[in-house]
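Visitor: Take the given structure of chain A and dock chains B and C to it, following the hints.
Residue numbers (my numbering), protein chains in the order written: chain A, 1 to 313; chain B, 1 to 293; chain C, 1 to 667.
Worth flagging that the hints you see were computed from the coordinates, not collected in a lab. From the three backbone atoms N, C-alpha and C, an ideal C-beta is built for every residue, glycine too. Some clues are possibly wrong.
In silico negatives: residues of chain A with every beta carbon more than 12 Å from chain C [claimed, not checked]:
#1 LEU9
#2 ILE178
#3 GLU207
Derived lysine to aspartate or glutamate pairs resembling EDC-like cross-links, with alpha carbons at most 20 Å apart [as the list claims (entries may be wrong)]:
#4 A:LYS3 <-> C:ASP511
#5 C:LYS21 <-> B:ASP127
#6 C:LYS474 <-> C:ASP511
#7 A:LYS273 <-> A:ASP54
#8 A:LYS3 <-> B:GLU288
#9 A:LYS3 <-> B:GLU128
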Amino acid sequence: MVKRILLALVTLWLLSVLVFAAGRMLPGNVGRAMLGPFADQAAVDVLNREMGTDRPILVQYGEWIAGLVTGDLGMSYAYRAPVAPFLGEALANSAKLSLVAFLMVVPLGILGGIIAALYRGRATDRIISVTGLSATVVPEFVSGIVLILTFGVWLRWFPISATWPDGAGILTQIHYLILPSIPLVLILFGYIARMARAGMIEALDAEYTRTAILKGLSFPQVIWRHVLRNALLPTISVIATQTVYLIGGLVVIEILFHYQGIGSLIYTAANKKDFPMLQAGVMAVGALFAVTTLIADLLYARLNPRIRFGLGQ
Amino acid sequence: MNDADGIPAPADASEQPSTGWRRELGRLFGSGAFVVGASIVFFWVGCAIFGPSLVPYDPFADDLMNSLMPPSGAHWFGTDQLGRDVFSRVIVGARDILTVAPLATLLSTILGTALGLTMGYFGGWIDELLSRLVDAVLALPTVIVALLALTAVGTSTVTVLLVIAFTFAPIIARTVRAAVLSERNLDYVAAAELRRDSRLYILFVEILPNVIPPILVESTVRLGYAIFTVATLSFIGFGIQPPSPDWGLSISSNYGLIGGGFWWTVLFDGGAIASLVIGINLMADGIESALND
Amino acid sequence: MTDAHAPALRFEGLGVEYRVKGQSWQVLEDINLEIPRGESYGLVGESGCGKSTAAFAALRYLPRNGSVNHGRVLIDGQDVYGLNSVALRRLRRVSVAMVYQDAGRALNPSIRIGQQVQEVFELAGAPRTEWAGQVEDILDRVRISDPRRVMERYPHQLSGGMQQRVAIAMAIASNPTLLVLDEPTTGLDATVEAEVLDLISQLRRELSTSILFISHNLGVIARMCDRVGVLYAGRLVEEARAGDVFLHPRHPYTAGLLRCLPKAGRSKAVAPLATIPGFLPVPGAVVPGCIFSSRCMLADHLCRTKDPEFQAIGDRLSKCHYPDRIPELSVGVDALPVAPAGNHTGQPVLQLRNVSKTFGVGDHQVRAVRAIDLDLGIGETLGVVGESGSGKTTLARTILGLIRPDPGSTITFAGVPVAADMAGRSRAQIKAIQIIFQNPDSALNRSHSVRRMIGRTIDVLIGLRGPAREERIKYLTRSVRLTERHLTALPRQLSGGLKQRVAIARAFASDPQILICDEPTSALDVSVQAAILNLLAELQTTKQVSYILISHDLGVVRYLSDRIAVLYLGQLMELGTAEQVFSGPHHPYTEALLSSVPTIDGGDEGRVKLVGEIPSAARLPKGCVFHTRCPRKLPSICEAAEPPLIALEVGHVVRCHISANQLPRRT
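Chain A extracted, bound-state conformation (with noise of 0.2 Å):
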């Protein structure tokens, strides 16, 4: 387990460097290619100097470093203000988007799997893999914009922005947040519905199935006692390592549904070439999912008495 933490560790760290040097690519240098080729050089300088962007770029790795750990993000070049409450208030945000989405697809895309496996071969399963399938790789901005055109345009159901207005409460939150988790649930979906129906059907092809119905336990009993468990465990490792992807699509989603998350602090630093800004949310999205594999890890090791008990003796 340590081994775990500290190869996550090595991983982070290599993204930093990654990222830093991503950071220091630019031509030229940080003052100019903010303030555009025809500024006053001294200017140029005088920013550079403000920003510490002069000084030997080791020790600018360093002191970045330094403030990551201890959580100074640095100070953004476009609000000229410390970058952590921005994130933080674009974390909270996302967290309340994702959790929505969360919600909605890890049952859905589970119990798709099981009846998938149940029905193996048969119409109800090619209905749902091939549906799966095919929503798992629509780009969300597509079924987005179809969303809003069918529930928030025609049908007014839904408000086509995800930003509630102040003071509202929990479940008018929610109720702005549905459009934009779909498209979120479809790519989901697919994944995790496929997933599950694997392992499914893995199990109800073991031996150990085989026993069990030999020993005369009714169907239901067999899958709720000897198959559900097994057939499960891989589903939990891959609905982890999914929320990576779920965040490269909440940019997406964020920019059309104008939600202030991370995805639209990245695009928007992006945008202004807010390096530190940028830097940081990236970071924060390494961090999440070093720190949900971790989880699942754990998790998936808990559930496992094969690795809890250690394989053989």
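Guide: Below, chains B and C alone, put in the same frame as chain A:
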């Protein structure tokens, strides 16, 4: 009397039925999903190649007198803000995305295969090091990597292509690595080592042919996602640049209008993207099931 | 509903078909058999004969594409296929139970043993408070010494033998009238197999359960069953009391199978093994006459045109037109010795001195091979026997240079020490030491043709080009009795036996002087095995190659070997000529190993029974490594001191504290 199973040869050995590839192709075209998917993809590839000479209007020509016309006999899919014919733009819009995405996929397949073969066969610290790098790249969604890279070096089609290639390569590498690891333990590899074949020979001549099926499936799936990613990047303004009639780009410049009910400016482009990615995915699914049974 | 006098199981004209891609395959045809209460019935046959299908058909558990299309199955007088789902479940709960191969997979990996066994009592309707006690009792009954501890375990924490005991416990828990055992000991080590078989016999006496015992192993069937049915290509071809079938077969197929077995007294120096020519017909093939006629030496016009009835001869049945002519078959075997005994005198071609291999696994040291000294003469076969964990495969890979031995180990080839690592060996040395792997599916590259596989070895190690190369490929192909047509085939287009021939041809391509045969026939049926063993013996004579034959099958080892080394937990326990090792005086472990093999002609009186499990190589016992299981352990010394190798006669050494004249010998 010494040959219980030597002579005569069994029927399946002497008749030499169709070889592997032909048998698998037969199975492919027996699968409905594959045929539907391939037809859709074939249609769009045709549009990308021959579209410009077939469409009724010049997809770039403004006609401000006829802007935002709903679909009609003259303009099947209506016209956009600048009065350009949406139908012609949708057909020709296949061009850029079907250039960038397949090239990116090809590059990522080559890179990923090389990486995966190296990791799987050599193992040890090489594998450990490369695995960490792969993990680091995979810790970020492609769209975010692309935003970072495109902000850093500026937006261009080549950068989009490279970003997709570099972010997809690790995924392919993982698939290849897993396949190689299971091959590596088979005795034919030991047999090759026992006649002291070079590592390159073992890797490319002995192992590679046996891991091609998973590579084929994975890279077809990746092609779908490459299209997905290019469309998404174009939509947020970091992908294919104006004045291309690219689908994602068109939706990006028109979706502000949907509140006003001008659905035709975005819906047909959306349908085009959806049909292409679904078509490719159906193909991937067909290939996978043909190879697996 | 159930009839207390009805036979436990009855197949009435049973036919089973599988549908694959719209085609139907008749895998069982017109099977009639009956197992009276308390009797044990063995169903024997080679792979593909339909014996497992028969087992699953009895429990109405066929694969999704399989169905019974003729006849009936009656258990306790109930028509199994006429039951509704409730009645079927009740039947499975109380009347019939099954145990199959590989208990590791038959048990649910994520549920504790106690709970899995408990389910049976739960289903039988026992009150909840009694479950735990009942589980303990039943585990005790299958001779699990510490049931409470085992109940808390998960399957992967138990050894293969223990897992199979748990599976048997679950099966007998409901005291069923019929117990179906499908290859229950296949894949277990010989001594563990013997224990499980003992357990089954004891339980039979205690419970009066009827048994349908399915196995490919004639010896196991002979030991365990009252009556035996022989299946061939989905048809029952012979049925009789166990003793009669094996002593006086009345069907040419049975006779053929028996003569294929490398059993006691058969050796390469005496005569080649008999084989059954030709191939098993594809399932569902329409054969005008007797299904076996194409492979039968007795077949005449009648056999090829008219399918024989399953006719009674006294209290036995045979599906043959000429059941009385079976004894004629044995006359035809040519009695010429195929291979002279190899010679062990003179300069050995290979010498191992103090060869050890320690693997570091985590913080454990696994001593897979410990200080082995062995010599191999020119043209000699050295058999290496041992159970899992004995280090025999590690030893083979060390000799090949695939695994680097511990420092201090010396391997000398033709008088010259060779490098530990393959990379340090000369081309001549590499050419000279080659291997035939156990499983041809793994050893042959599935995307390369036969010509390419054999040709590559010639290219790299011999360096022939052009017509000379092609000539050599053809020569090798012919010498393993393949034809030139096979050269373009891919492995999956060949049967198991043909694939192993390709592997042999490839191994011989470099003209090796030493060939390691690692379980060369364990993946094959007996009739194919016989042909491969004959081929190996013949090639040895013509090419003067030395073999190191690794096998768990003592029959195979005895047939081919001149000398035999017995390994246990990485140590050499005994080494001597085949004769010395088999007749003794021998090491107590060798004694146990020999007596654990069920033979078709031996009773099991005086069997040496081992108890306990093979210790892990990571935690070797102190003193003699065998003391934990040794039935002849001497007080104190065996646990304290490791015995040295002691010479009993010239060339016969044993690692034991027991004095030479006290050591067991075979009577």
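Visitor: So which of the earlier hints does this model not fit?
Guide: 3, 4, 5 and 8
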